[in-house]
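Using our numbering, you'd call the opening residue of the sequence shown number 43 and step up by one each time.
Take these hints with a grain of salt, some might be off.
Cut-off 25 Å, straight-line C-alpha distance, at most; resulting in silico cross-link-like pairs (BS3-like, lysine-lysine) [said to hold, decoys possible]:
1. Lys140 with Lys151
2. Lys108 with Lys121
3. Lys63 with Lys47
4. Lys140 with Lys68
5. Lys140 with Lys108
6. Lys172 with Lys153
7. Lys121 with Lys153
8. Lys80 with Lys172
9. Lys108 with Lys153
10. Lys153 with Lys63
11. Lys80 with Lys108
12. Lys80 with Lys68
13. Lys117 with Lys68
14. Lys140 with Lys47
15. Lys80 with Lys121
16. Lys153 with Lys68
17. Lys68 with Lys108
18. Lys63 with Lys121
19. Lys153 with Lys117
20. Lys68 with Lys151
21. Lys117 with Lys80
It should be emphasised that the hints constitute simulated quantities derived from the structure, not laboratory data.
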Amino acid sequence: MDFAKFHLCWFEELASRMAVKNPIRKTEDLLFDYWALKSFIPMTEDFDVVVINSPGLSNQFTNFNKDDFTVLISKLVAKGHRVITTAPTEICPAFENKNVTWIGATAAKAKAIIGTSTGPSWPCLNVHNKNAFHLLCADTENVILTERGQMARSAFHAIHILEEVGLL
Numbered sequence: 043m044d045f046a047k048f049h050l051c052w053f054e055e056l057a058s059r060m061a062v063k064n065p066i067r068k069t070e071d072l073l074f075d076y077w078a079l080k081s082f083i084p085m086t087e088d089f090d091v092v093v094i095n096s097p098g099l100s101n102q103f104t105n106f107n108k109d110d111f112t113v114l115i116s117k118l119v120a121k122g123h124r125v126i127t128t129a130p131t132e133i134c135p136a137f138e139n140k141n142v143t144w145i146g147a148t149a150a151k152a153k154a155i156i157g158t159s160t161g162p163s164w165p166c167l168n169v170h171n172k173n174a175f176h177l178l179c180a181d182t183e184n185v186i187l188t189e190r191g192q193m194a195r196s197a198f199h200a201i202h203i204l205e206e207v208g209l210l
């Protein structure tokens with residue numbers, strides 16, 4: 043399923059039913075843009091890469107494997123990237139005791155956002171980093187909301203894509 047196409051059609055249908063103007067007309071309109079995110083950005087530390095290494099809880103990524111993500115994270119760190127993750131690892135810092143707004147604000151300054159298409163990934167798809175590289179992992183849906191967005195079907199597929207684009 044194409045996430046953007048589905049939601050653009052749905053918002054058009056919903057606005058029509060409600061007899062209101064549809065504010066969601068193009069894919070870019072699906073990116074997060076809210077005041078709390080913007081207010082958190084100056085407070086967050088700078089990282090090159092935000093990795094969403096949390097399992098999805100709605101079966102959107104049944105191929106999730108914690109160990110495979112550890113390999114991906116290790117390769118990013120070995121390449122010299124400053125990495126932060128949503129779930130703790132022994133390799134780099136994690137967003138411990140931080141909410142999804144904080145994660146999104148940190149991602150707003152990152153050059154790459156990589157990981158599972160799940161709750162913490164949504165604020166990472168925001169207007170402040172629409173030019174960053176976004177690589178989300180899901181089984182069948184395509185969540186591509188930015189020009190540089192791509193999809194992977196496993197952590198190892200993600201590693202291959204990261205090698206192709208020069209991040210590994």
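Consistency of the hints with the structure:
1. Lys140 with Lys151: holds, 16 Å
2. Lys108 with Lys121: holds, 20 Å
3. Lys63 with Lys47: It holds: about 18 Å lies between the C-alpha atoms, which stays within 25 Å.
4. Lys140 with Lys68: violated, 31 Å
5. Lys140 with Lys108: holds, 20 Å
6. Lys172 with Lys153: holds, 10 Å
7. Lys121 with Lys153: holds, 14 Å
8. Lys80 with Lys172: Status holds; Cα separation ~14 Å.
9. Lys108 with Lys153: holds, 23 Å
10. Lys153 with Lys63: Cα-Cα ~34 Å, so violated.
11. Lys80 with Lys108: violated, 31 Å
12. Lys80 with Lys68: holds, 22 Å
13. Lys117 with Lys68: violated, 35 Å
14. Lys140 with Lys47: Violated. Lys140 to Lys47 sits at ~31 Å, over the 25 Å cutoff.
15. Lys80 with Lys121: Given that 25 Å is the threshold and the Cα spacing comes to 30 Å, the pair is violated.
16. Lys153 with Lys68: OK: Lys153 and Lys68 at ~23 Å, within 25 Å.
17. Lys68 with Lys108: The hint is violated at about 34 Å.
18. Lys63 with Lys121: violated, 47 Å
19. Lys153 with Lys117: Holds: Lys153 and Lys117 sit about 16 Å apart, inside 25 Å.
20. Lys68 with Lys151: holds, 23 Å
21. Lys117 with Lys80: Cα-Cα ~30 Å, so violated.
Checked against the numbered hints listed earlier, the structure breaks hints 4, 10, 11, 13, 14, 15, 17, 18, 21; every other hint is satisfied.
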